[in-house]
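Trainee: Okay, here's what each chain looks like letter by letter:
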Amino acid sequence: MTQQGPPAQVVTVSDRAAAGTAPDRSGPLAVRLLRDAGFDCDDAVVVPDGADTVARAVLDACGAGARLVVTTGGTGIGPRDQTPEGTERVLTRRLPGVMEEIRRAATREKPGGMLSRGLAGVVDGPGAATFVVNLPGSTAAVESAMPIVLSVAGHVISQLDGGGH
Amino acid sequence: MRSGVVLARVTDDRLDVATHLDAVSNPAAGAVTTFVGQVRDHDAEAPGPVELLDYEAHPDAQRVLESLAARVSDGRSVLVAVSHRTGRVHVGEVAVVVVVAAAHRDDAFAVCRELIELIKTDLPLWKRQVTTDGHSAWTGLEGQPPANGGSTSTTSA
Numbered sequence: 001m002t003q004q005g006p007p008a009q010v011v012t013v014s015d016r017a018a019a020g021t022a023p024d025r026s027g028p029l030a031v032r033l034l035r036d037a038g039f040d041c042d043d044a045v046v047v048p049d050g051a052d053t054v055a056r057a058v059l060d061a062c063g064a065g066a067r068l069v070v071t072t073g074g075t076g077i078g079p080r081d082q083t084p085e086g087t088e089r090v091l092t093r094r095l096p097g098v099m100e101e102i103r104r105a106a107t108r109e110k111p112g113g114m115l116s117r118g119l120a121g122v123v124d125g126p127g128a129a130t131f132v133v134n135l136p137g138s139t140a141a142v143e144s145a146m147p148i149v150l151s152v153a154g155h156v157i158s159q160l161d162g163g164g165h
Numbered sequence: 166m167r168s169g170v171v172l173a174r175v176t177d178d179r180l181d182v183a184t185h186l187d188a189v190s191n192p193a194a195g196a197v198t199t200f201v202g203q204v205r206d207h208d209a210e211a212p213g214p215v216e217l218l219d220y221e222a223h224p225d226a227q228r229v230l231e232s233l234a235a236r237v238s239d240g241r242s243v244l245v246a247v248s249h250r251t252g253r254v255h256v257g258e259v260a261v262v263v264v265v266a267a268a269h270r271d272d273a274f275a276v277c278r279e280l281i282e283l284i285k286t287d288l289p290l291w292k293r294q295v296t297t298d299g300h301s302a303w304t305g306l307e308g309q310p311p312a313n314g315g316s317t318s319t320t321s322a
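Protein chains in written order, with my numbering: chain S, 1 to 165; chain P, 166 to 322.
Nothing false has been slipped in among the hints.
With the Cβ distance kept under 8 Å, some of the chain P side facing chain S (calculated, not the full set):
#1 W291
#2 S301
#3 W303
With beta-carbon atoms standing in for the labels, derived distance ranges:
#4 P/T286 - S/E88: 27 to 33 Å
#5 S/Q159 - P/L186: 48 to 54 Å
#6 P/G195 - S/D40: 56 to 62 Å
#7 S/G163 - P/P224: 31 to 37 Å
#8 S/P23 - P/R179: 39 to 45 Å
#9 P/A183 - S/G112: 50 to 56 Å
#10 S/R93 - P/P224: 23 to 29 Å
#11 P/D239 - S/A19: 33 to 39 Å
#12 P/G169 - S/D43: 40 to 46 Å
Honestly, the hints are just simulated from the structure, not real lab data.
In this text, a Cβ means the ideal position worked out from N, Cα and C, and glycines have one as well.
The following block holds chain S by itself, in its conformation from the complex:
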């Protein structure tokens, strides 16, 4: 019997997916990749674009015990793209290197990869701290970024719990 990994939560940020006028493809993809990597991951939560909705969804996930929260969508420069603004409100410490690598990998595939404004960092709370990463909303971006997130996620969570280097 395999041991269940740490809890993770995916938050899909999309007006259209929240309204049901477009299917959410990137969220379920991120969920599948997290489950494949051994995380205990519920189905994606879908929220409309906006700093408030993102901040609350991330805090909700942290409060429910998630150790890793991956958001997808709302990181670009469109008028409704507010995921970084909402995430900035809840992060207590930034991990810029994670996004530097995600953007570097995405840009090798398409120049548009450098336009993601996503953030990565930590939400410290009264209980266990949570690793939070903003990914763009395309499935290609999720495919490209998830291996990078997963390459450090276990180490981040272990460090947050006071583990050694």
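Following the hints, put chain P in place on chain S, whose structure we already have.
Mentor: Chain P alone, transformed into the frame defined by chain S:
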């Protein structure tokens, strides 16, 4: 006297006690109690001096505040005005105001006290404590919302 909740707000705006006093102004009121909760510079759980608190409201917060205010006024002849701040509230700034007017002081004191205690336990707000050295952490979820994000026990479906 006319009774009920005249003002209940979860807001980013700076709070002003006078607005609340005006809201409950009534010729039949012989007693007005006020409770002002402000951000203090120290906390047992903080690693150092506190600089500010950053409140993030759960989507249910406004509805829950209205329902808590209605619950304490129910069956009593009181007027209630209550507001809770969200966003960044610095030391010395007002985070919550409760003002209650009643014909007599017993009701005014009792309802004011009951409402602030209910806000502390039941209003779903997240609170981030930022200390002067830059350390910050989200502290206990006041009025912790249910994990499914649905309605709370204070509201009916």
